[in-house]
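*Asks:* Just so you know, the protein sequences line up as chains A and B, in that order.
First residue of the first sequence? That's -10 in my numbering, and the numbers climb one at a time after it.
First residue of the second sequence? That's -10 in my numbering, and the numbers climb one at a time after it.
Wrong hints could be hidden among the right ones.
Put simply, identical chains are the same to the list, so a pair is met inside one copy or across any two.
Under the rule of at most 20 Å between Cα atoms (straight-line distance), these lysine to any residue pairs were calculated in the SDA-like manner [unchecked claim]:
no.	residue 1	residue 2
1	K18	R110
2	K145	E168
3	K145	Q43
4	K18	S62
5	K145	V259
Source of the hints: derived by calculation from the structure; they are not laboratory data.
Here the structure is a predicted model, which is why all the values come from computation and not from measurement.
2 protein chains.
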Amino acid sequence: MASPIFLASGHLVAIGGAEDRTSNLEILKKVFVLAPEGNQEVAVIATASGIPDQILPEYEAAFSRLGASQVHSLGIRDRQEAADAETVHLIEQSGIIFFTGGDQLRLTNVLGGSPVLKAIRERLRAGAVVAGTSAGAAAMPSTMIYNGAAADALRKGAVNMTFGLDFIEGLIIDSHFLERGRFTRLMEVGASNPEHLGVGLGEDAGVIIHPHGILEAIGPGHVILIDSRELASSNIAELAMGEPVSVEHMILHALVSGQGYDVEARRYLVPHELGAILAESR
Amino acid sequence: MASPIFLASGHLVAIGGAEDRTSNLEILKKVFVLAPEGNQEVAVIATASGIPDQILPEYEAAFSRLGASQVHSLGIRDRQEAADAETVHLIEQSGIIFFTGGDQLRLTNVLGGSPVLKAIRERLRAGAVVAGTSAGAAAMPSTMIYNGAAADALRKGAVNMTFGLDFIEGLIIDSHFLERGRFTRLMEVGASNPEHLGVGLGEDAGVIIHPHGILEAIGPGHVILIDSRELASSNIAELAMGEPVSVEHMILHALVSGQGYDVEARRYLVPHELGAILAESR
């Protein structure tokens, strides 16, 4: 593979949660315009959610307002439903596939290895946009966080991780990031393995992950990046479980709408640099 | 002045709040042993606190257990009391001066420019240890934070600052830092002026600020440092109030007990480096 880290050829959009669904739809609009030409059919997957009957109509209304030709509301509550041929068929038709929030462990537990998930990966490779908010964003990479100590997660073992939906490699995504003060979660992860970029999404903020791992911040909120590649030292390997982890030298960025980042090159992109790179790759 | 940034010739100890006051007293013990030789008299100042009658006996008991020859419990509720000759006299006798938590604005509002504050600065210059927890830590530098948006403080104007007690320059201190997810507060401050080091103290954690600006982490918790000196870019000057601030390149460290940092050189010190530097300066 030319670029082993980034699997997507379509676009991924990871959203930090609590995005506007009823007013200006700033972020959902950005998702919608990434749909492949001539296909404005949307599949909304509420597997993560504990309240799918409440959340699905909200997204149905929002995407309809944006001009969707059809919105398929998919609860997908269990592994039987994740193997349902009709559901797979609806995914195969859709240009936009959207994951709601909820519990990311429910998402992977229900969808992992399923025909529905395989169909979504196939759609992504074929150029569809796959978007997700909160749990739906956290689950996108090959590895995800599904739990962490609320107060001080910079303690050995305080963050629980497992396999994600594997739409992208090379980064880890956390949501509600500023609002719930989750910096220590990504610091803990970065100390455990400095190779992967930490992406912390604020509420009503998101990143478009363009092919080749170019991130573009969208929405009124913040995207925080924690880059541990130049980590100079950490005591993590010497500690007992629960003991406080030290960290020498991580790099911290805060992106706002229009700014970007090249994950592979670890390069911050101001708006005109991002614009030039995206124009070039078109 | 040889070292314009660091005013203290005695020791400062800044504590993140909620330090153990009844069990092992790990942090208070560290404060106590820094007392100048032959003077184990302690003054506890509860000006910041809304519940001085509850908090003062706790510190009196703790410092008595540690071997204090006397503990002076000083409420100092208003500017009249901050000018009281007897109180000034008790400060002048004390080898340890300790500020409780509460509201740092009450602390500066009551003590700013007062005879009591002048006496404390004089004691510090003469080699006493001045310690403070929570509000008592935040108020120590020449500039302090006294309020900030809880969720996302990385917005122009979201952090309120004013003059502190001016025991030290060159850094800004925030407390309850990991527990209340305050990273964005110090990022906002760092974007507004990258010169000053951001020191975020976790609960039951602290730093000893040795002369010449050598920090030593103490306690079971974390000390987070946010170093903005190499800030590459930020949009802060272009924004309207309340708009989200971008940040390109801040450096992040997490210190645990026994690790240190040279503020002037911006150098992380692993335990043996810290030990060598402290031994040399004795």
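*Asks:* Hint by hint, say whether it matches the structure.
*Replies:* Hints and how they fare:
| no. | hint | verdict |
| --- | --- | --- |
| 1 | K18 x R110 | neither (22 Å within a copy, 58 Å between copies) |
| 2 | K145 x E168 | between (23 Å within a copy, 16 Å between copies) |
| 3 | K145 x Q43 | neither (38 Å within a copy, 36 Å between copies) |
| 4 | K18 x S62 | within (18 Å within a copy, 61 Å between copies) |
| 5 | K145 x V259 | between (35 Å within a copy, 19 Å between copies) |
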